[in-house]
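**Q** Got two chains here, each in a separate frame; can you build the complex from them with the hints?
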Amino acid sequence: MDLSTLPWDKIFVIVTILVAGPGIVIGITFPAIGQAIVALSGLKAISRQPEAGDKINSIVLLSLAMLESLAIYVLAVVLILVFANPMRTFILGN
Amino acid sequence: MKKINKKNISKILFLSLILAMALISFQLRKTQGIEPVSVADEISPQVIFTIGPIQVTSTVVNTWIMMALLTIGAYFLGRSLNIRPRMFQNAIEWLFEAIRGIITLYIGETKSSLFFPIVATFSIFIATSNLLGLIPGLSSPTIDINTPLAIALIVFISVPYFGIKTRGLWKYLKHYVQPIFIMLPIEIASEIARTFSLSFRLFGNIMGEEIIIAILFLISPFILPVPMMLFSIFTGVLQAYIFTLLSCVYIGGAVKAHTTS
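The listed protein sequences derive, respectively, from chains Y and E.
To convert, note that position 15 of the first sequence is 15 in our numbering; the numbers rise steadily by one, no gaps.
To convert, note that position 34 of the second sequence is 34 in our numbering; the numbers rise steadily by one, no gaps.
Bound-form chain E, shown alone (with noise of 0.2 Å):
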């Protein structure tokens, strides 16, 4: 009996302060008339300092504040290993058996070791990425074009890197006119086409989820943008699995013999 009427005073206690927070916004909006910031210039990064000619935006900061918050978590994750995982190093070892599935399965078991680096680094880079964006006052670096196009550009730079590497320089050049010579500008075009369409996809997920919680923050504050957000945590988390998925494909494409019958 006890426990059902604590349940339930906890329950009045959310929904009042819920309500309570939602009719302060309204009243806050109605009599001093505060104007949200405009959609474009939430969405846009600033420029906060420049070196000489270069201009550092509020992206690369929060990229800075993401790579710090990286770094010191893995060194104490790293100084405390156990024999027997403990809750994070539990999480952590998943984490690395689920990459490794993915590399076996899209490049091959052989040599999953040499491609485990590169496709962990998109993984983590971009999961984290994308959930920056919830903490108030940062913004995530992937609603910036830059930072997918750089990614990309490094997809499409490792896809020739391990070919050559493990197939050699002559086979790995054989395989873009390997039925016929017709399908080698197919090939470089779509070798193109892939990077582009990576960095967009990347790109426009995170910045119409972001800009729907702008709008739904014009609307109402404090309460219509939170559903929002929470389904922006899996949209985040589940296009970093599918960049990571896509550049194993790619890589896997080049490192992968052709299935000569």
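So here's chain Y without its partners, still in its complex pose (with noise of 0.2 Å):
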């Protein structure tokens, strides 16, 4: 079989939506769930002590921001894939 007669920008297209929309679904999946267990246990502190609700409130914000940049990195990748991909040109020549 000769490899060079397939369609390998066809391919190469359908290889990285393959791999870019299930990647995203799992890199927003895991820290959602990380945000979701540091929101809840901030909420259980505060109601604990409410008077303690204002350094509670500033510790959850800045660790929300904090595993909000892994979903962030992972978007990137995942955008640079999609629009920008630096092997284009090594794969496809030209």
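Don't take every hint at face value.
Now the in silico label distances, taken between C-beta atoms and shown as ranges [said to hold, decoys possible]: (1) Y:87 - E:94: 47 to 57 Å; (2) Y:91 - E:184: 38 to 48 Å; (3) Y:59 - E:189: 37 to 47 Å; (4) Y:59 - E:234: 18 to 28 Å; (5) Y:13 - E:121: 35 to 45 Å; (6) E:178 - Y:7: 37 to 47 Å; (7) E:54 - Y:9: 32 to 42 Å.
In silico lysine to aspartate or glutamate, DMTMM-like type, Cα no more than 25 Å apart, as pairs [to be verified]: (8) Y:55 - E:97; (9) Y:55 - E:210; (10) Y:44 - Y:9; (11) Y:55 - E:93.
By construction, these hints were calculated from the structure, which means they are not laboratory data.
From the three backbone atoms N, C-alpha and C, an ideal C-beta is built for every residue, glycine too.
**A** Shown next, in the form of structure tokens:
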């Protein structure tokens, strides 16, 4: 079988889509679970001790931002894969 | 009775206006085949003109427009200050108090006026640049990776600057090896990594928002993007708040003396 006759550009696009879709799903799911845990424990802590609310609130926001950056990394990787893949010229030539 | 009628009439007018806009947009696309520009073209900055070897992109021009708006607004606000605050002055004073509160919480009460200008600049600049994309014809400077990276580099430089200024060179360098000298490469790596994390958080949030709006605009103009654009006001201000908070935490980590029990 001659490999050079295959439609490599179509295969490239299909593989990119097949990787990017499930990739963003997996990459969003686990940070979402982590954020849920943080929000839940923050809520529990505030309800147990409402006078410490301000301090707990800011710490919760901080850790939510930290967890969100993981999802943002996945988004950046997926966007690069879809729109500006650096390997495109390497695989397809020209 | 009359009031209810007026309300009902205005509601019916509003709904019919939206429906008419949707129908017009669909009809236009059906008859003329207007293809909206592709998502990648909408997002990426265009080169507007070149000065010698330097290419001036639309990001820079948008930043200039934003700077002009902020400067003119600040000039006219500063001219009409009262002892008894009016509408806008009240809002600005609230912002001032909020930023002062963040600084006292994370950096310390003693020298809050030293850090106030840079922290307030971060918050105002990022909030305005995130909200600039809502104006038709302009786009947020923060959807280009260079703007968040530049702001994060300012944080990266200002952390040792404030640390040396408040604690002295020797004490600041000592805190890299504070518990044990093995911590030195970890501290340096975390300083570099958090710069990238700061810039990518801001860039990814605004970029993702902007891409979702562009994709919804491809599906149906005029109606579907509107809730997402309303939501983008919230996320833009929230990202500005988080950036300010994190830069305060990083500066505070360098400025505060380690609690040596």
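**Q** Each hint needs a verdict: does it hold in this structure or not?
**A** Okay, the hints, checked on the actual structure:
1. Y:87 - E:94: 47 to 57 Å: holds (50 Å)
2. Y:91 - E:184: 38 to 48 Å: holds (41 Å)
3. Y:59 - E:189: 37 to 47 Å: Violated, at about 24 Å.
4. Y:59 - E:234: 18 to 28 Å: holds (21 Å)
5. Y:13 - E:121: 35 to 45 Å: Because 44 Å falls inside the window, the suggested range holds.
6. E:178 - Y:7: 37 to 47 Å: Roughly 59 Å apart at Cβ, these two residues miss the hinted range, so it is violated.
7. E:54 - Y:9: 32 to 42 Å: For residue 54 (chain E) and residue 9 (chain Y) the Cβ distance comes to about 35 Å; the hint holds.
8. Y:55 - E:97: holds (17 Å)
9. Y:55 - E:210: violated (33 Å)
10. Y:44 - Y:9: violated (53 Å)
11. Y:55 - E:93: OK: residue 55 (chain Y) and residue 93 (chain E) at ~23 Å, within 25 Å.
Hint check: violations occur at hints 3, 6, 9, 10; the rest are consistent with the structure.
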